[in-house]
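Enquirer: Listed below, chain by chain, are the residues.
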Amino acid sequence: MTGVSVYGVGTSDYGKQPHLSAPDLAHRAVLEAIGDAGTDDVDAVFVGTVFGASGIAQRALETAGVLGVPIVTVENACASGTTAFHEGVAAVQAGRYERVLALGIEQMSTLFSGPIVPEATDAEGASGFAMPAMYAMSAARYAQDHGLTPEQLASVAVKNYRNAAGNPRAQRKGVFTRDQILTSRPIADPLTVLQCSPISDGAAAAIIGPSRIGDVRVLGTSLRAGAAWGAGSEHVWGFDLIRGVAQEVYEATGLGPQDVDLFEVHDAFTIGEIVTIEALGLTGLGRGGAFTASGATAIDGALPVNPSGGLLGRGHPLGATGLAQIAEVVNQLRGRAEGRQVVGARRGLVETMGGGAAGTDGNACVVVMLAS
Amino acid sequence: MMPDDIPDPRPAVAGDPPAVLGQKCADCGHATARRVARCPRCASQHLNEDSWTEGTVWSTTLVHIPVGDRVPPYRLTYVDLADGPRVLAHQRHSGGPAPALGLSVHVVGINANGDLEVSA
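Just so you know, the sequences run in chain order A and B.
When we follow the numbering used here, the leftmost residue of the first sequence carries the number 1, and every step to the right adds one.
When we follow the numbering used here, the leftmost residue of the second sequence carries the number 1001, and every step to the right adds one.
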């Protein structure tokens, strides 16, 4: 199989930008990626979006001057952007295309004034269920099984908002105390609003092709949907899926979490980061809260997690998030993440989790390992 | 509330005492309160009709924001039905203290919003 490199990345700003359409957001990311790659010669485009209207990819790409090639739109909930990247990598590896543009787009602020409206055809979505409640119940169960203090939960948000302060494109950033996190507006106990990623608009893109010396390389990528989840499942929602997908990447690359210099993971809610770093093997089961509170996952810690600010700080435009994570890791590995650079970073890992279908351990999880 | 023109995907309840209706796999024992063509866990087509009246609280949360047309605060609970599936339910008398995880609950029925409701 052909090795794959990332030739260039680009993003929009992240945040509530109701004055910008999805095409407006997308062409900012695409033109930056083209400039970064030094070429606009792509053979195909894979686009990830969750709430985008029919034809959104073609409308967006028309404004960026990228037409007349195969355009494939994919939806995998919050993992839609990384799914587009994963499929693009697979297509280049197989020799199907020479160069691929992977693009994630989401314009949410014009659709939602509050929480995301649940999917009415889903048994749980139709029951007044939204993702904050899912993660809140994970937090409550996790606390019962392993012990978890509110302060440990809040330490995830404190770290990620501090990291976001070094990211000029991040949405929510600054210095927050754990007390401010915990006393912010309640959403679903024990989660408060500052423990929930914000409604966000944004786009992110990457141009990939056969490996070239000097470019960031894709060492491994894996994608799958969760198995059946429910009574009898040993762990909280998503844990088994993330662990299984990460294991596939570790086995394929011969590398483990201790070989990775930084992680961009799916912290849509504070408990999500704690569960994810355990599933990825950064620390043991039940130790994620104490591990985070110790500073081990800070930018200058032993295993930096979400130096971009993560979904909490950078923002979470659903379909764009995965490629925003890819762009961050690529810039980190090039030494271009000024203000939040992980010193000496040579390998980085992206993990994105998409959820929402009742009875499953997740709609999709994608894990990608990159190296300079 | 559900739109009138699509099938309601939420658990169905019938009987006295009220029971959640569903299917159970004869091969692996996996249970579901949704209609499935094959077992989601093992793909078997040997599915038997089943029903469940009680269970235990797997986890719970008090929701403070409006979601759809539900008026906050309201309590959502994942219930592991005895020898059955895990189902999402609304807790009757949701203004009270949070139920302990592991607490026994029973199926009450379907509330005014059409949601499955349980009580201790």
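Since the hints were made in silico from the structure, they are not lab data.
Treat the hints with care, as some may be off.
Claimed, not checked - Pair ranges (Cβ atoms, derived):
#1 A:T63 <-> B:A1026: 31 to 37 Å
#2 A:G335 <-> B:V1071: 29 to 35 Å
#3 B:A1100 <-> A:G254: 43 to 49 Å
#4 B:G1015 <-> A:G256: 32 to 38 Å
#5 A:R96 <-> B:P1066: 44 to 50 Å
#6 A:P257 <-> B:S1044: 34 to 40 Å
#7 A:E251 <-> B:G1109: 44 to 50 Å
#8 A:R96 <-> B:G1114: 17 to 23 Å
#9 B:P1066 <-> A:E151: 41 to 47 Å
As the list claims (entries may be wrong) - Footprint (simulated), chain B over chain A, 3 or more residues, beta carbon under 8 Å:
#10 140–149
#11 181–189
#12 320–330
#13 348–356
To be verified - Not close to chain A: a few residues of chain B, all C-beta gaps over 10 Å, as computed:
#14 H1030
#15 T1032
#16 P1085
Glycine included, every Cβ here is placed at the ideal spot set by N, Cα and C.
Enquirer: Compare the structure with each hint and give your call.
Expert: Here is what the structure says about each hint:
1. Range check, T63 of chain A to A1026 of chain B: Cβ separation about 55 Å, and the 31 to 37 Å hint is violated.
2. Here the CB-CB span from G335 of chain A to V1071 of chain B is close to 52 Å, at odds with the stated 29 to 35 Å.
3. The hinted range of 43 to 49 Å is satisfied by A1100 of chain B and G254 of chain A, whose Cβ atoms lie roughly 46 Å apart.
4. For the hinted restraint 32 to 38 Å between G1015 of chain B and G256 of chain A, the CB-CB distance of approximately 52 Å leaves it violated.
5. Taken as a hint, the range 44 to 50 Å holds for the pair R96 of chain A and P1066 of chain B, whose Cβ atoms sit roughly 46 Å apart.
6. At roughly 36 Å, the beta-carbon separation of P257 of chain A and S1044 of chain B lies within the given 34 to 40 Å, and the hint holds.
7. For E251 of chain A and G1109 of chain B, the Cβ-Cβ distance of about 49 Å falls inside the hinted range of 44 to 50 Å, so the restraint holds.
8. At about 47 Å, the beta-carbon gap between R96 of chain A and G1114 of chain B misses the expected band of 17 to 23 Å.
9. Against the hinted window of 41 to 47 Å, the Cβ-Cβ separation of P1066 of chain B and E151 of chain A comes to about 29 Å, which falls outside the hint.
10. Check result for the stretch 140–149 of chain A against chain B: holds, 3 residues qualifying (beta carbon to beta carbon below 8 Å, three or more required).
11. Against chain B, the stretch 181–189 of chain A contributes 5 residues with a C-beta closer than 8 Å to a partner C-beta. That satisfies the three-residue criterion, and the hint holds.
12. Chain B is given as covering the stretch 320–330 of chain A, and this is violated because 0 residues of the stretch bring a CB closer than 8 Å to a CB of that chain, at least three being needed.
13. Counting residues of the stretch 348–356 of chain A whose C-beta sits closer than 8 Å to any C-beta of chain B gives 0, which falls short of three, so the coverage hint is violated.
14. Against chain A, the non-interface label of H1030 of chain B is violated: not every CB pair exceeds 10 Å, the least being about 6 Å.
15. Taking the minimum C-beta to C-beta distance to chain A, about 6 Å, the non-interface status of T1032 of chain B is violated against the 10 Å cut.
16. Not every Cβ of chain A is farther than 10 Å from the Cβ of P1085 of chain B; the closest lies at roughly 5 Å, contradicting the non-interface assignment.
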